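Student: Listed below are the residues making up each chain.
2 protein chains.
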Amino acid sequence: MPTKTDTKPEGSTPTREAEPLSIIGKPLMKVDAMAKVVGETMFADDLALPRMLFCKIKRSPHPHARIVKVDTSKAEALPGVVAVLVGAELPIPFGILPVSQDEHALSIDKARFVGDPVAAVAAVDEETAEAALEHIDVDYEVLQSIMTIEEALAKDSEPIHTGELHRGEGSVNGNVHKAVSLEFGDLEEGFAEADVVREDTFFFQGNTHLPMEQHSALASCGADGKMTLWSSTQTPHYVHRAMAKVLEMPPSMVRVIACPNGGGFGGKSDPFNHEIVVAKLAQKTRRPVKVTLTREEVFYCHRGRHPVKMWVKSGIKKDGSITAMHFRSFLDGGAFGSYGIASLYYTGALQTVTYKIPRYKFEGLRVFTNKPPCGPKRGHGTVQPRFAIECHLDKLAEQIKKSPLDVRLDKVIEPFSITANQLRVRTVGLKECLERVAERSEFRNKHGKLPKGRGIGLASSSYLTGAGLPIYWNKLPHSGVQLQLDRGGGVTAFCGSTDIGQGSDSVLAYVVAEELGVEVQDVHVVTADTHLTPVDLGSYSSRVTLMTGNAAIEAARRLKPLLLDQAAEKLQVPVERLAMAHRKIFDRDHPDVSMEFAEAVVLAEARHGTLGSTGSYTPPRSPGRYKGAGVGPSATYSFSACALELEVDPETGMVTIHKIWIAHDVGKSINPLLAIGQIEGSVYMGLGEVLMEEQVFRKGVHKIPSMLDYKSPTFVDMPPVESILIETLDPQGPYGAKECGQGPLLPVIPAVAIAVYDALGVRIDESPVTPDKIVSALEGRLRAVTVPEYDWPPPVDVPPMREESSS
Amino acid sequence: MPTKTDTKPEGSTPTREAEPLSIIGKPLMKVDAMAKVVGETMFADDLALPRMLFCKIKRSPHPHARIVKVDTSKAEALPGVVAVLVGAELPIPFGILPVSQDEHALSIDKARFVGDPVAAVAAVDEETAEAALEHIDVDYEVLQSIMTIEEALAKDSEPIHTGELHRGEGSVNGNVHKAVSLEFGDLEEGFAEADVVREDTFFFQGNTHLPMEQHSALASCGADGKMTLWSSTQTPHYVHRAMAKVLEMPPSMVRVIACPNGGGFGGKSDPFNHEIVVAKLAQKTRRPVKVTLTREEVFYCHRGRHPVKMWVKSGIKKDGSITAMHFRSFLDGGAFGSYGIASLYYTGALQTVTYKIPRYKFEGLRVFTNKPPCGPKRGHGTVQPRFAIECHLDKLAEQIKKSPLDVRLDKVIEPFSITANQLRVRTVGLKECLERVAERSEFRNKHGKLPKGRGIGLASSSYLTGAGLPIYWNKLPHSGVQLQLDRGGGVTAFCGSTDIGQGSDSVLAYVVAEELGVEVQDVHVVTADTHLTPVDLGSYSSRVTLMTGNAAIEAARRLKPLLLDQAAEKLQVPVERLAMAHRKIFDRDHPDVSMEFAEAVVLAEARHGTLGSTGSYTPPRSPGRYKGAGVGPSATYSFSACALELEVDPETGMVTIHKIWIAHDVGKSINPLLAIGQIEGSVYMGLGEVLMEEQVFRKGVHKIPSMLDYKSPTFVDMPPVESILIETLDPQGPYGAKECGQGPLLPVIPAVAIAVYDALGVRIDESPVTPDKIVSALEGRLRAVTVPEYDWPPPVDVPPMREESSS
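If you're matching them up, the sequences are chains A and B in order. In this text, residue positions in the first sequence follow this note's numbering: the first is 37, and each later residue adds one. In this text, residue positions in the second sequence follow this note's numbering: the first is 37, and each later residue adds one.
Simulated from the structure, these hints should not be mistaken for lab results. Errors might be hidden in some of the hints.
The list cannot tell twin chains apart, which means a pair is met if one copy fits it or any two copies do.
The calculated lysine-lysine pairs, modelled on PhoX-like cross-linking and capped at a C-alpha distance of 20 Å, are [to be verified]:
1) K72 to K262
2) K485 to K438
3) K191 to K482
4) K606 to K511
5) K62 to K105
From a predicted model like this one, the values you see are computed outputs, not experimental measurements.
Can you build the whole structure from these sequences, using the hints too?
Tutor: Structure follows, in C-alpha cells:
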C-alpha cells in the first residue's frame, strides 16, 4: 500500500495572515512564574483544612498473593485513628475508560504487585496513621509470581486477572492483556523488492517519571454533601469520572481540582487508588483527609515506561528506500491495564509517520506481570520503538553504505500525506530539522571520522500533537474554553486544562490576550477545576496547546466582532481596518485613532448584555477504518532531529556527552522560552533514560526505590544543548503551533547508542546504555536481546477502544 | 397631574403559562444552610493566609479637627510593627460614584467625626497593632463641631467640607450636601379642593444595622502583582471600582471577593476605608493584611439610618381621597456623602407609590454634621417618611371620621399606572394585603373598641424591587449570569451577586434548576467574585432576586433549546411537548418517555461544542424626565400591610406587642420559607427601630456603642408574627417575583405608634416610641417636633446623578 499524498490542507484554524502578533511568539514570562519563585504556589501537599486527617495506605509485601483476611480491629482501637478502610467498602472497579476497569481502590481478592494497596487509615497525624498500618493484620496466601514477559506467556503461569475484568485476549493463560496484529500492504512483496532485508532485536528497559512532587490528594466532603478532591493529577476530568463511579455519586456532586503539578510526565495521568481512598475516608469520617505518598510509594505506583522487547525486520533498497517493515513489540505491563492498550498501539503506530514506509506490519502484545503497572511516560509508547527503529536504520545504512544522514533525509515522510497505516500527516519540518542539526554539529565532517573513543550520532523522530481518540466517546470536544469579559477590562478564561509545569496556563493567557488585544495580566486563568471549568481531557499526549489553544481562539473570536463593531462605530473606522493590541483597538492605518479595550467592552455590554462565550476543539476524525485505527492519529505531528557528540572511556565504559544539537518542528512557537524549556527538559529526560535510569525489580521488590539510588542526571551531568526551533505553521495548530513537550525526547536515546557505535564500534541494543554494557560489548560478552515466543497472529482480536454510546 | 393608567404590562420575562414548577415555590433548604449550621462557612474574619499581618486603625477622638501633624516614627519603631500608613499615601478620594467622591482611606486634612480614621498599622498580631496605635502622635487643631441639622444650617457654622469635593448645594455655609425641590401638579389647586388640610411634623431617630458579623477584610498582593481583597461587603463590584481608583491599578489587576456576609442590612454597601487600607498595607508590606473592626468601630462606621425631621401637609376630601400632598424632609447626613443623595430622594419618592396622590410636592435637604456618615439601611430612605405618612394618615382619617382601614383601601394605587412623580407601577397587591391583615386581626371589630391600654394599629407601605438607576452609567446590565454545562450533568452558575444571608445564592440555584430541569444540588453557585463572575451591582435595593433571577432565566433559556432539540430527536417527541424536571427531559403527555438531562447535555455538546451562555438584566427606563427622576423608579414595587395589637402600661409606658399580622405582595414566592424568613426578619428589625433602637451621640461620641448598651430586641422580646404571602405574578419579576426583604419592615413602625394612640390616645410622632415618651405624652410633657428653618426653594439645584459617559 503506497504512501498517499493528501494535498488539501484542512483544519479549523487556518494560519493567520501576515497580521503582526503582539503576544504570540514573544519570550514572555510564565503567568505563574513569580508565584513559583516566591513560594506562593500551593501544591496539593501544601493544602490544609480545619480538622484535616492524614491517610496512610497499607500495601502488599507480596508480588502475588490471595488476600485471605484483613483484620483492622487493632488499628481501629489505636488512639488517634479515626477510620480504617478496606477494599470491600469500595467494591466498584475503576481504571481507564472504557476497557481497563480493572483496579480497586483497595485490593479485595488478591494483591498483584508489591505495593498493591490493601487497607488505609485516617488518623489525626501522619505518625499515628503510619503506626496504625502495623496494627492491620492481613493474611495472605502467597501465589506463584510472574516477573517477566516470558513467565507471563508460559502456559502454566498463574493468571493474574481472572473473571470479567480481563479476558486475557490472545492468551491461553489469561496473562496476555492485549494482542494486536495489523498489516498494511503486502509485506512479502516488499521484502522481495528489497536489496537488503535485515532483522534486529532490541530491549528498552522500564523507567519512571521521577517528578519532584510526590502524588498528594486532599478530599473534603462538604456539609452540602458535595465531595471536593484536590489532587496532583494531570487529568482532573478522568479522576472526576472515576470518583463519581466508585463512590456511586452523581458527577455533579463531585468536584476535582487539579493543583499545580510539581511535574507529571505522564505519571499523574491515571485516576489513582489514593485519590478514591481519601474521598471515601472523608465520607466515612466527615473530616477532610489528605494523603501524600512517600517517595518509595511513588516508585511503586508510578505507571512509568513499559519495558519492551522488540523485533524489527525491514527491506531496503540500495538507494536507501524502505520497501517493507515488520515490527513486533512485547510490553511488560505490570499488574494492571492503566493506559496500556494505548501504550501497546503506540509502539506500532508512528513508525510510518517519520519515514516513508509503503508496506507495514505491526504485531504487539502486552502482558500482565506481578510488578507495578506501567502506563504513559513522556513520549508514551513511542520512545521504545524509536530507539529500535533508529538503531536498526543505522545498521541498514551501514549495510548499504549510505550516510545515516542521507538515508534519513531521503525517506522523510511527505507533508500532507496519508501513511500506510492510514494516519493523516500534515506539515513536516523533519528535513529542515535534520539539515540544521547536521550543519550545526558538522555531522558530515565528523561521522566515522572522529578519533576512537569519540563518536557522533544522529536520529530523528515524530510525535503526536494530541490524541485523536479520547479515552471515551469520541464525538465530544476534547477541550473547552469559556470566556467572560469584565467591564473593567479583565478577561476570565475558564478551561479544564492542567498546568503540570509545561506552561499551559500561560499559553491560554497568551492566546486570549493575543486574540482580544489585552495584556497577558488582564487574563485571569481559571483551570483544572471540574466545577468551574469546561472539560479539557487532561495534560497528556501533548494535546493542550493545540486543543485549548484552538478552543480559546474560537471563544475569543466569538466575542471580538461585538467589540470591533462598537469601536468601528465610535471611531468611525471600517471594522476591517481595526486591530487590537495592548489594551487598545486602533485603526491599522492611523494607529493614533484608537480607543481603550475596556471602553469597547462597556459599549458592547450595553448593547449585547453580559459578554461571555465558549469555544471548543474536537480533533478531526482519523481516515483509518480498521480496528485500532483510533490509537495513533493526531491532528498533526511534530518532528525532531538530534545530533550529539560524545566520548566513551573504553576502559570504564563511562560516556561523556559533549554537546547536543536538537531541532524541533514546533509548527509555531507560542513562546520561544517555553518551547526551548520543553525541548531542553525532554533532552535531559531522554539522556537520563539512555544513560542510567532503570526501574528494576528483584522478586517483585523495587531494587532502587529512592532518589538516592535511582540514578537520574542532575544539573552537573548535563551537556550543553543547542535547541533549534523550526516553524512550519501547521494549519491545525493555533497560529500554526504543534507539540514540543515530548517529541524532542525521542531521538536523544537512539542518538546516544548510535554515537557509542561511532566511537567504539559496538552496538548496544538495549537501554540504558550503561558502562557495564559497553565494557561487556567491547569484551564480546554482551548477550543479544531475545524476544519471546508467541504464536502470531493472536487467537483473538477485539476492538481495543469501543465507543461508548454516551459519556 | 392625575394618576395615569398604564394598561400595557411589559417586561422581559412574561409570567409563565400554567406549566407546573418543580423547584420554584417549594419550601426547599437554602443551598448554604448546612454549611452554616455545621460552621463550615468561612466569613471574612475566618480567613487566614501564611505570613498574614493584622491591621488596626487609629481614629480621631474629635468630632471636628484639623490634622496638623501625624508622627508615626515611634509606632514604626515598635517591635512587631511592619508598616504604618497615613492619609498622604492614599491621596485619591473615593466614595459612591459619581457624586460622592468625598472620602479618603485615611483622613488627610481634617477629622470630620469621632472615629474618622487617621492612620493605620500592620503588625504581626492584633495586640501589637493595637499597642502601636498609642504610639502614633496626632496633633489636632480642634474646630467648632456641628451636631444637629439646625447647627448645620446656621449661617456661621464651620464648613465640614471645603474645596472641590462638595459644593454645598443649596447652602450659604457649605454644610448642605444636597437640597431638592420637586413639584408635580398644582398643589394650591389641590389644597383648595380639599375638605380638610392638615400639617404634621415628625422625627425619625437614626439607628444602625447591628449585623452579627463585624466588618472584616483581608487583602493579599499576589506575586503576579494582582491584588485580592476578601471582604464582608454587600457590593464587591463597587469596592472593585473604588480600589482600582484609589490604588491607581488597572481594574483587571484587582480582585474583590465578597465573603458570605453575617448580616449586612445596607451597612456593608459602601466601599470602606478599611478595605482600601489593608490593600495598601498589603502592597507596602508584600504580606497579606487583615482587619476586623471592633464592635465599637462598627457603630462608628455604620452608614446607618438617617435621623430625619419631616413636615407633611395634605389635603383630603370627606370621602378620604387625597387632593394634594406637600412633604419636606431634613436629613442629618453625618460627615460624608455615602449614598446620602439616594437616601434624600428616597424620602420623597415613594409616597405616591402607595396611595393615589394626584398632586405632590417634595422638598428635601441633606446636611453634613460631625457624626458618622449615614447611608442605606433596610428600607433605605423610605422608612422615615412611611412612619410620618401613615401616622399623618391616621390623624386625617380620624379628622374625617373614616375607618383607617377604609381610608387606605380607597386610595390604594392603581395597578399598571404612572404616579404623579412619574414612577411606573405594575402589579399592586396592597388591597388584598390590607384586607387579609384586617380580617386575620379582626381589625374592624377591635379598632377603637379595645379596653384602655390595649390598642390595634394598621399601616401599609410599598417598596422598590431594585433601583432603576445604577450608581453609575445606566445602560449597562445591572446583573449578569454566565452558565456552564458539564457533560456529567452539573451546571455552574456564575453571578456577581452577594449572599448576605438573604438567600440569593439559593435563589440563583433554584432558578437555574427550575429552568434546566435539574436538581438544586446540581447547580454550582459561584458568586461575588469580580474575577470569576459577571457584574452584579450588589445586594441592595432588594434588587437581587428580580435582576439576577431574570438574568439567570435568560442565560438558561439560551441553552434549553440546544438540549430539547437533542432530546426531541432522540425521543422522537415534538419539542413543544417536552418538559424538563428533576434531571429528566420527558414527554409531557407520556412522562415515561424520557431521557436523562446529562445525556441531552452530551448530545448537545457533541453537536454544538462546549455549552455555556450568558444572560443579563437591565431595568426598564423610568418614564420620569425631570432632574432626580432616576432615584425612585423600580422595575416593580412590593406592597405590605401590617396590623398589630399591643398593650401599654400607662404607669411605665412599657409596650407589649401581642401579635403582628403582616401581608406582603411578594409577586411570587420563589421559596415561601425564605420569603417568610425575610418578612419576619423585617418585622423584627422594624419593631426594634420603633420600640428601642437609637444611634445617638453626645459631643460626637456615641452614647451606647456596644451590643450591651444599644438596645435591640432579642428572641424573647418577639411577639408571634403571622406572615401572609400575596402573589400578584408581576410581569417584570422572575416567575412573577418581587422583593420581600425590606418592604415588610416599613408598616410595622407606624403601626406601633398608631396602636399606642388606639390604646391610650396619645400621639408619639417621633421614633423610637419609648416608654419615657409615652409617659411624657400622657403627662402632656412631650414636646412637638419642630422642623428647621430653610428658605425654600433651594438656591441651587443640579442633577444629582449624572450619567457617566462610560464606566
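Student: Does each hint hold? Answer for all of them.
Tutor: A quick look at each hint next to the structure:
| no. | hint | result |
| --- | --- | --- |
| 1 | K72 to K262 | between (30 Å within a copy, 15 Å between copies) |
| 2 | K485 to K438 | within (15 Å within a copy, 120 Å between copies) |
| 3 | K191 to K482 | neither (51 Å within a copy, 100 Å between copies) |
| 4 | K606 to K511 | between (42 Å within a copy, 16 Å between copies) |
| 5 | K62 to K105 | neither (61 Å within a copy, 50 Å between copies) |
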